[in-house]
Amino acid sequence: MANVRIEGVTKSFGEVEALRRVDLEIPDGEFLVLLGPSGCGKSTLMRIIVGLETATSGDVFIGNQLVNDLPPRERDIAMVFQDYALYPHLKVYDNLAFPLKTKKIASDEISKRIERVARMFELTSLLDRKPRQLSGGQQQRVALARAVVRDPVVFLMDEPLSNLDAKLRSAARDELKRLQRNVGVTTIFVTHDQVEALGMGDRIAVMDVGSVCQIGTPEQVYSYPANTFVATFLGTPPMNLIYCPEHILGFRPEHFQPKVLYGPEEDLAEFQYRVHRVEYLGNQRIVYGTLEGTMANMSGSDLVMSSLPDSVTYGRTLSDGKSYEFGVRREDLRFFDNDTEQGIESPSSGV
Amino acid sequence: MSANTRITRSARFARLLDRPGFVAGMFLSPAVLYMLLLLGVPFVGAIAFSLTDITIGMLFHTMPSFVGLENFASLLDDPDFRQALRNTFVFAIGSQMVAVILGNILAQILMAEFRFKTLFRILVLLPWATPIALGVLGWKWMYDSIYSIINWNLRFLGLLTDGNWPIWLGNPDLAPLAIILVHAWKSFPFVGVIILAANTSIPRNVIDAAKVDGAGFFRQLFQINLPLVLPIVTVGLVFGTVFAFTDMSVIWLLTRGGPINVTHVLATLAYQNGILAGDIARGSAISVFLVPILGLLVVMALRGIRRRV
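As they're listed, the protein sequences go chains Z and W.
Each step along the first sequence adds one to the number in the numbering used here, with nothing skipped, and position 333 is 333.
Start counting at 1 in the second sequence, then tack on 351, and there's your number in the numbering used here.
Chain Z on its own, in the form it takes in the complex (with noise of 0.2 Å):
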């Protein structure tokens, strides 16, 4: 088990700069999701640490060792592939077999671990089996075996889930972060699903066009956006933007709700807002309108949403092209840079 560190690590791939100046370090048995828009760099830093890609610049250490020169099977990562990767010409055994007869472990030690990995992934009856005559979520089993086989120092994990259909995607969820926290070792997740991501990581690493935007707990990142690109990139829908003259401003669908509905001694921002639509979502309602008065027209041209759960009648009542005062309590509202368009503090002068 180690820590891993990166520190300014770039990548380009001719003109194109893949990764530029990224550090990150992930404390020993820590569980990190990489999350990002596909092309963001997540998978080129993950193949970077594994040792499959060479950094244009930059360190990688695991376990307080330099690795930039040595090959991937002198780092003694595992990883799982987002398509599973099995040797398709070899049986479930021999699979599970082959990194460890690499490390010319012998072979009844070999069959000894086999069995007890077998064991813990249910795979005992496949063993015989070549994966092509495995399901998917068999194959997912013997993919996450065939990396947790060979006791690694970081496990890292390229979308392993994203090949499975929804229901089997919960479970196995579930089923990963419980062998995480078993096994104890730091663990780098890359996906682009944020409910993953907000569901599995004790932290969340933002990327974005190469770099990482935030790292911090799931409530941090989903809470306290750092810029307006991590605010709407977690969050379905996202965060609603408002373009004031001196900020942005920044509230989550679920915290703008009916005026009616919060206590008479909240501090509230309020909105007069014009109701286009409701979408009935079955255990929720999301609402598109726009706001009224002196806030018209500063959302661009995006719709302002309000998110309401369907415990919450007064939804019901809400009716296409109707005027509704709405409020956000003053603690849920965020505020961005209108340049850098990064967070900041809440100004003074008040919505």
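One should not assume that every hint holds.
[Claimed, not checked] Here are the simulated distance ranges between beta carbons:
hint, chain 1, residue 1, chain 2, residue 2, range
1, W, 654, Z, 25, 56 to 64 Å
2, W, 553, Z, 17, 23 to 31 Å
3, W, 523, Z, 74, 48 to 56 Å
4, W, 359, Z, 39, 37 to 45 Å
Hints listed in this document are in silico derivations from the structure and should not be mistaken for laboratory results.
C-beta atoms are modelled at their ideal positions from N, C-alpha and C, and glycine is treated no differently.
Given the coordinates of chain Z, assemble chain W onto it according to the supplied hints.
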């Protein structure tokens, strides 16, 4: 009255074209006809001739008589024939083995990134693209007893003295080797390209997984790459073997079966006996001898292809 009665001829033809059976027959018939006339008829003819005592002098005026398997029996007694039969196997298998090794090295080189790769790729595919007669003439000069560029270079490097100058095509021990080398030279680019193509069909993640799992170059090559490309390469190899089995141009241009018949294969021996010496029956028997072997190879090739699908 109805639309049916007024169907024009072209409309009737168009309807005929709607029937897959008719269209298939129409498109296949030239090929079938071609194969029947140019392959089927001579093939049946050769089998028929091999069971008679026909010679070129008897053609068109004397009726040949049926002799059963006598031609085959006499072939098996003939040491020249047995040598040619052995050579057919040795040349085909030997050249394919060399071609696989060279082809695999070539594929590994072509997978790497380096400058002038395009130029290298063109140069390396030349043997395969060159007309066989031209290539073999080049080799004939390289193997020449006086002007051999191989020998002159070896002497320049101090590996040869004037006393042990090898006569490549004149020495019964060296001539078979010389032929195997030319066959291998001719087919290794093709084998290399097939291995390269098969390699690119391996998912990149599987190779990456092997690297992460601790495999070095040779473990990757022998435990991941080669097992995964083997089914495709087998098909390529069977085709190469069939080519080497049936090819006579290389041998005919280089040695004509000499010296003292040590480089004859069945194809050249059949040509020499049947066409040059005029013993059609014997020539036919020699060439028919290959059929069961080639049949087996074709079955293997088709099996291999089906397994891929």
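Cross-check of the supplied hints:
Distance hint check: the CB atoms of residue 654 of chain W and residue 25 of chain Z are about 57 Å apart, consistent with the given range 56 to 64 Å. The hinted range of 23 to 31 Å is satisfied by residue 553 of chain W and residue 17 of chain Z, whose Cβ atoms lie roughly 30 Å apart. Checked against the hint of 48 to 56 Å, the C-beta distance between residue 523 of chain W and residue 74 of chain Z comes to roughly 54 Å, which is consistent with it. A hinted range of 37 to 45 Å for the beta carbons of residue 359 of chain W and residue 39 of chain Z is inconsistent with their spacing of about 60 Å.
In this structure, the one hint that does not hold is number 4.
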